[in-house]
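S.K.: Based on these hints, arrange chain B on the given structure of chain A.
Chains A and B supply the protein sequences, listed in that same order. Position one of the first sequence corresponds to residue 1 (the working numbering), numbered consecutively onward. Position one of the second sequence corresponds to residue 1001 (the working numbering), numbered consecutively onward.
Careful: at least some of the hints might be erroneous.
To be verified - Restricting the straight-line Cα-Cα distance to at most 27 Å, the calculated cross-link-like pairs of lysine-lysine (DSS-like) are:
| no. | chain 1 | residue 1 | chain 2 | residue 2 |
| --- | --- | --- | --- | --- |
| 1 | A | Lys-210 | B | Lys-1210 |
| 2 | B | Lys-1105 | B | Lys-1014 |
| 3 | B | Lys-1014 | A | Lys-14 |
Claimed, not checked - Every beta carbon over 10 Å from chain B, so not counted as near; a handful from chain A, in silico:
| no. | residue |
| --- | --- |
| 4 | Arg-31 |
| 5 | Pro-55 |
| 6 | Glu-77 |
| 7 | His-80 |
| 8 | Ser-81 |
| 9 | Ala-109 |
| 10 | Thr-110 |
| 11 | Leu-112 |
| 12 | Asp-126 |
| 13 | Lys-164 |
Hint data in this document are derived by calculation from the structure and do not stem from the laboratory. Just so it is clear, the structure is predicted and the values come from calculations on it, not from any experiment. The C-beta atom is built at its ideal place from N, Cα and C for all residues, glycine as well.
2 protein chains.
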Amino acid sequence: MKKIAIILSGCGYKDGSETTEVISTLISVSRMGAEYQCFAPQIEFTATDHSTSEPGEARNTFAESARLCRGQIQPLEDLHSEEFDALILPGGFGAALHLCDWAAKGARATVLPAIEKTIQEFNQQDKPIGAMCIAPVLLAKVLGSKEITVTIGNDKETTQEIEKTGAIHEECKVDDFVTDRAHKIVTSPAYMYDEALPHLVAKGIDGLVKEVVEMA
Amino acid sequence: MKKIAIILSGCGYKDGSETTEVISTLISVSRMGAEYQCFAPQIEFTATDHSTSEPGEARNTFAESARLCRGQIQPLEDLHSEEFDALILPGGFGAALHLCDWAAKGARATVLPAIEKTIQEFNQQDKPIGAMCIAPVLLAKVLGSKEITVTIGNDKETTQEIEKTGAIHEECKVDDFVTDRAHKIVTSPAYMYDEALPHLVAKGIDGLVKEVVEMA
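Isolated chain A (complex conformation) (with noise of 0.2 Å):
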């Protein structure tokens, strides 16, 4: 049974990983007869209440990403890429706050030595990476000197900040996925389209997922 290591943010758009993105790749990659494990780093950050998008308490990324999976999760410190075939990084701006600072810098952005560690890895062990929504600027930071090929969807300010790391940016609708056959990267837009359908979202990440899962 193919093994597929998630790396989660939180729980929530506002300030960790999206809902809908995470749970539509937890069903994708149930249905393709993977098994899955879910990581986050320990991270305290100053939560964003959703309902006001007022600043709120003090929480942290590893506790606020167990909501989402059950429970079921590990510290992104005991994610070891040679026991998993692929890696996924959903979206949501937790991906662009707490993974790396691409939300204050950009392409100047730094990626968090522990993330970059592991794309590194499953890159140079061949193995297939997804990424959806934001976070394939993590890609495009980590491997963008390879010139890889990733989509955030149409977004020109994303798009332009991506391309000068050397990434190439290719558009893509919410309910499709690009595929970097070379490199094996697969993104998908999501909820960079923020008035999406969650059925076209979940359309899109089955795609990217059915992909990364049989590319592995």
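M.R.: Frame of chain A; chain B shown alone:
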């Protein structure tokens, strides 16, 4: 376009709405071409850390529920049954903790007045109601004297308590659902099977949502 009201009780199965159940519902309603609006009560509660199961800080069901629907949440008191064609109640322990006190009292539970009123109104207006996981106990408490048929899977203790309300319990597999056509009640066990696979939970919920939307 048919309009479906969905009532949430937080975010995460230990102290709120079960995340896979809610997101599966949103995806299925959207795929059916129906519209949805999520609602939640304003209840302060002690959060449960989903990575440790330890009690944590005070949170609010309304603000936490907003994490599951990209902030598009409305207060429960703004749910006017005449504006909707059907009602869906996802599960998670929040349904038995915040929407009633079934978790502590079983069949002797008291249902939150706004929830009782909403269930009564949809039923009186001959509009379908869907409920999953532990949430069918809310229907049993409010409509049990009408001898409605519901499922919560095959858990013996919960079944016995449900039957004390007058409701009839029918066993059901995780990927299936039970329809009481006379009362327009549709229920699916979802994560009452604790070890269920996400795609089987999603399949049962997809069947429930199709039935509810078609009956609406």
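S.K.: Of the hints given before, which are not true for this structure?
M.R.: Hint 4 alone not satisfied by this model.
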